[in-house]
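Using the sequences and the hints given, assemble the complete structure.
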Amino acid sequence: MPYHVKLENFDGPLDLLLFLIKKNEVDLFNIPIAEITKQYLEYVDLINILDLENAGDYILLAATLIRIKAKMLLPKSPIEEDEEVEEDPRDELVRQLLEYQRFKEITGDMGELEEERRLHYPRRYFDFTIGEDEYVWETKGDYTLFELMSVFKDVLKRKPRVTHHHVEQYPVTAQEQMTFLLAELDKHHGELLFYRMAEMLTSRITVIVTFIALLELIRDGKIEVTQSSTFGEIWIKRRK
Amino acid sequence: MKSEEIKHIVEALIFAADNPISEKNLRQLLEDELNGSSVTDIVTALNQEYMNSGRAFYIDTVAGGYQIITRPEYAVYIKKMYMGRVRNKLSQAALEVLAIVAFKQPISKADVSAVRGVNSDGVIKNLLERRLITISGRGEGIGRPLLYSTTPEFLEYFGINDISELPKPREIEELFKEGKYSEQIVDALANLEEAENPENTEEGSEQNGDDQSTENQAE
Amino acid sequence: MKSEEIKHIVEALIFAADNPISEKNLRQLLEDELNGSSVTDIVTALNQEYMNSGRAFYIDTVAGGYQIITRPEYAVYIKKMYMGRVRNKLSQAALEVLAIVAFKQPISKADVSAVRGVNSDGVIKNLLERRLITISGRGEGIGRPLLYSTTPEFLEYFGINDISELPKPREIEELFKEGKYSEQIVDALANLEEAENPENTEEGSEQNGDDQSTENQAE
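If you're matching them up, the sequences are chains A, B and C in order.
Numbering-wise, the first sequence is residues 0 to 239 according to numbering that gives the first Met the number 0.
Numbering-wise, the second sequence is residues 0 to 218 according to numbering that gives the first Met the number 0.
Numbering-wise, the third sequence is residues 0 to 218 according to numbering that gives the first Met the number 0.
Keep in mind the hints are simulated off the structure, nothing from the lab.
Don't take each hint at face value.
Stated by the list, open to error - Straight-line C-alpha distance at most 16 angstroms; calculated EDC-like pairs for lysine to aspartate or glutamate:
{"#": "1", "chain 1": "A", "residue 1": "Lys236", "chain 2": "A", "residue 2": "Glu183"}
{"#": "2", "chain 1": "A", "residue 1": "Lys152", "chain 2": "B", "residue 2": "Asp161"}
{"#": "3", "chain 1": "B", "residue 1": "Lys79", "chain 2": "C", "residue 2": "Glu32"}
{"#": "4", "chain 1": "C", "residue 1": "Lys88", "chain 2": "A", "residue 2": "Glu111"}
{"#": "5", "chain 1": "A", "residue 1": "Lys152", "chain 2": "B", "residue 2": "Glu172"}
{"#": "6", "chain 1": "B", "residue 1": "Lys176", "chain 2": "A", "residue 2": "Glu52"}
What follows is the structure, encoded as structure tokens:
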């Protein structure tokens, strides 16, 4: 009779290990590490395919098993012998298995409690309209911290982060403003107060772009700018 | 089936329904067992019993069907029972604002609104009145805006002792990050499993050294 | 107020409550009218009446309160009524996590995962969603991890009045005694266990093979 194991039934590496120990009918306190490790690794190969989410945990235990195996094969170094006398490399694992087993054992009983309770149904419909303009009760009016967290997460997700990626096409280009500036200068006999020029502009962004255009024109040597004092009036002049 | 038995099934169904249950629905659930008897008669009989034994509830006939409700004379007590809760029930908007204040406190009104993308002044006022949030200081920015934080009442509502016990945004993100397989899939598999093999003990799975035909649920 | 009247008010309140209602809560709602009478006696009397008249429901003591629920024999019909709308049973993994949280609460996610030897984040999130566990504080250790505990809904879910009604996990010593192994290993393991077990104090969990007088302050 071929054996078939339902892999999804294993709730983690310890569960699998306990299963192997039981299946092989070996003493939990004297685990034949070599054989159990071999079998464990065979299962892990399969689990890797099926239980990707927890594959790491299965592999971690595989590594532990291999380490224990290696430790048991090695002759004890004198130093080690001094430090931990009689320490079996398997002890920690056994302890972990027993601790896990404690809780695993009672899940069956808890499942029975659950089963039994599911045969009983409480009332689900609450609709108390007491006289006109009275409340219609809503049930479970309180929220949990988890629900608060849930709402927080949803709000953050819902909101497109406008503040960070606010991309907008400028209504004007530096090129346009260079042309505009030169035309204005021509209109005003080649001389213009910067602030007068700024007054003609409607938006802040246009002022900024115009300023860039101004710098561009200075670099090209087409205009020059003079200021009589700090914070004083800025004169823009056409260079001939 | 005896008519007494049918009566009690009808009672159980009306009792446990999460909405008024229609006669048609009751008939479907009882399949053919109802046969000759009339649902109306059964309900009348039940109500007669309730009346005779002075029960505090009765079965009412509403548009959608039957529902079991308490007699009006007890309304005053029930109202008292629910009153506090109803008053405390937070709207979705309030819950959102509360969540933002809780996990980003201290925070200004403008920042709350910015996160939600909706003006939240009204909701904030409401939460202030309920004493779930409070003004806790002023920010550094332009105009030094008022900053809001949660109150001890807030902690009580959510059953924690101290503001430091509130999860950090990083922890929230961690909690909600999606695994490769969502829990629902795992659950679904487990249930499938159960349906196929009510005993999930491994008894039958005999070992067989090399024969690794660990085929998924063969059978 | 006559005792008959009080009985019916109690009945109405238990009937209309959407959660198990505690004796304390009932007393508050009845103010001083309850005075001499015992809520337990009233509930017993009501249950006797339900029994005698063959009602399909009865009052159960659950999660530290009273709740009116249907008798198990009607489950098959009600289940049919709710078909497809009832929550799945808990998975084996979820039951494991609940068992660990129930007996080691408050406990961090990392500690739950350590006992199970497998990452339990997804299961914990699912249990939070189902309100069977809740965040109850922060631990003292590194990074002050969030701690989890069971909820009243947990008790209600398993139909128990308090946590002591859960099946107890065997003591680790008892498990040791099952095997045939040398006395030394038992002692070594028991010490290890003891040193690590005082759980809640977190600090004390200095693993130490030799007998550090970490006398069982736990349990």
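Status of the hints after comparison with the structure:
{"no.": "1", "hint": "Lys236(A) / Glu183(A)", "in the structure": "11 angstroms, holds"}
{"no.": "2", "hint": "Lys152(A) / Asp161(B)", "in the structure": "21 angstroms, violated"}
{"no.": "3", "hint": "Lys79(B) / Glu32(C)", "in the structure": "15 angstroms, holds"}
{"no.": "4", "hint": "Lys88(C) / Glu111(A)", "in the structure": "11 angstroms, holds"}
{"no.": "5", "hint": "Lys152(A) / Glu172(B)", "in the structure": "7 angstroms, holds"}
{"no.": "6", "hint": "Lys176(B) / Glu52(A)", "in the structure": "13 angstroms, holds"}
The structure shown violates just one earlier hint, number 2.
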